[in-house]
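Protein chains: 2
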Amino acid sequence: MMTPENRNRAVVLASGGLDSAVTAALAKTEGWALYLLTISYGQRHGIEIDRARRLAKWLGAVEHRVHELDLRMFGGSALTDNLDVPRDRSQKERTHGIPVTYVPARNTIFLGLALAYAEVVQATRIYFGANVVDYSGYPDCRPEFIQAFAEVARLGTKMGVEGRPVDICAPLLFKTKAEIIRLGLALGVPFHLTHSCYDPDENGNPCGRCDSCRIRQEGFRAVGIPDPVPAHQTDVESSVRNSP
Amino acid sequence: MMTPENRNRAVVLASGGLDSAVTAALAKTEGWALYLLTISYGQRHGIEIDRARRLAKWLGAVEHRVHELDLRMFGGSALTDNLDVPRDRSQKERTHGIPVTYVPARNTIFLGLALAYAEVVQATRIYFGANVVDYSGYPDCRPEFIQAFAEVARLGTKMGVEGRPVDICAPLLFKTKAEIIRLGLALGVPFHLTHSCYDPDENGNPCGRCDSCRIRQEGFRAVGIPDPVPAHQTDVESSVRNSP
Numbered sequence: 001m002m003t004p005e006n007r008n009r010a011v012v013l014a015s016g017g018l019d020s021a022v023t024a025a026l027a028k029t030e031g032w033a034l035y036l037l038t039i040s041y042g043q044r045h046g047i048e049i050d051r052a053r054r055l056a057k058w059l060g061a062v063e064h065r066v067h068e069l070d071l072r073m074f075g076g077s078a079l080t081d082n083l084d085v086p087r088d089r090s091q092k093e094r095t096h097g098i099p100v101t102y103v104p105a106r107n108t109i110f111l112g113l114a115l116a117y118a119e120v121v122q123a124t125r126i127y128f129g130a131n132v133v134d135y136s137g138y139p140d141c142r143p144e145f146i147q148a149f150a151e152v153a154r155l156g157t158k159m160g161v162e163g164r165p166v167d168i169c170a171p172l173l174f175k176t177k178a179e180i181i182r183l184g185l186a187l188g189v190p191f192h193l194t195h196s197c198y199d200p201d202e203n204g205n206p207c208g209r210c211d212s213c214r215i216r217q218e219g220f221r222a223v224g225i226p227d228p229v230p231a232h233q234t235d236v237e238s239s240v241r242n243s244p
Numbered sequence: 001m002m003t004p005e006n007r008n009r010a011v012v013l014a015s016g017g018l019d020s021a022v023t024a025a026l027a028k029t030e031g032w033a034l035y036l037l038t039i040s041y042g043q044r045h046g047i048e049i050d051r052a053r054r055l056a057k058w059l060g061a062v063e064h065r066v067h068e069l070d071l072r073m074f075g076g077s078a079l080t081d082n083l084d085v086p087r088d089r090s091q092k093e094r095t096h097g098i099p100v101t102y103v104p105a106r107n108t109i110f111l112g113l114a115l116a117y118a119e120v121v122q123a124t125r126i127y128f129g130a131n132v133v134d135y136s137g138y139p140d141c142r143p144e145f146i147q148a149f150a151e152v153a154r155l156g157t158k159m160g161v162e163g164r165p166v167d168i169c170a171p172l173l174f175k176t177k178a179e180i181i182r183l184g185l186a187l188g189v190p191f192h193l194t195h196s197c198y199d200p201d202e203n204g205n206p207c208g209r210c211d212s213c214r215i216r217q218e219g220f221r222a223v224g225i226p227d228p229v230p231a232h233q234t235d236v237e238s239s240v241r242n243s244p
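Going line by line, the protein sequences match chains A and B. According to the numbering used here, the first sequence is numbered sequentially starting from 1. According to the numbering used here, the second sequence is numbered sequentially starting from 1.
To spell it out: a stretch of chain B is covered by chain A in this simulated footprint if at least three of its residues, at any positions, have a beta carbon under 8 Å from a beta carbon of chain A; those stretches are: (1) 131-144; (2) 147-153; (3) 157-170.
Hints were generated in silico from the structure; no laboratory data involved. Fair warning: this is a prediction, and the values are worked out from it, not measured in the lab. Here a beta-carbon is modelled for each residue, glycine too, at the ideal position from N, C-alpha and C.
From just these sequences and the hints, can you work out the full model?
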């Protein structure tokens, strides 16, 4: 029988969002013993952390760590400061330039923490739900960035020197949101536990209008099924009509 | 007149140790406006942080941030766990393999945090006191690691995409400890504010016997001047004779 003791170990960066849930489910299907890492960096949506905990249970993760990271390091982003999160942007508007929701060096730090965790538990892989199709404006979601980080992981660790480098696996990198949702459906991912909003209300309900909500809505619409998180089903067209 | 406003900005990773003090002094001499970053990761020697603060004042740093990092991410090192720090090792013993004082992925995380800080304050350089001569066993002090991280900085940030990448400068990389001390003397570095011990006593006095203390002692001896931190002057030979 496969037990956590004799399976290969993988660290999964689990944000509580849809992409990282599908990534983790894929890692599970591939037979890895899962070590989930959620970074809480004082982002507005603390609800994501609760969802990540529930997801970890569903996945049968060996361990789930929540690492608190000081917000102050990340001034200058709409996700960490009191800047307005853009709403009701079209696909074209969303992919023009670097979004104000870019958080300086975030994925470098997240992958660095995942790398430390991987060495501590001797995991040989980090799963990372980055995506370059819907999030083309983020420099630290691009394949060339991930490849560069893999070199850092190989050269800057004891495991790398010993010939067992930690590899960085981003299985959703080139998938559309619809493809990611279809993959998640096939894997039985509990989408109702996932959360994809940059700017939820005080009860944790998604706004339905930020880039992340809109990409999710468009994805479920393309697949042709309703989003199991009701508030994510906001009708985009009507919210556009009603926006000031 | 040069003011912080019209000088180029650099982030300096300042541990409170001798190498980072010389690195910061060099950056100052080169005309950079200094943004010092000290990472407090629950290491035993909290005294280093106090020294880094005093050094920041001496340097006239524009800002000095102390970033707390959760210790738990770093299990598995003599610097973070209750493992014994090796003592009284010869130069040959010290450079054989990866020391137990290696902290998993530490410099990747430290440089990642420095990179975020650099983007927030729009600094175009990170100064980093890594050294490959005396610390050849640490994978994340090697030039190939630093080069790989520079690629991450170029590819994974907004500044990199905009053609103003943050470069990583490790000016002490190939210097011996004696050369570093001579450089520090020329720059007027207040060595009495620096601290180089892995395992100080409860009053913050260096042990005089760990690898870091021994490298420092050998450096001052090679230069032919006394170490201004009296406890660092422990006679290595007598402590070897007296060791159990």
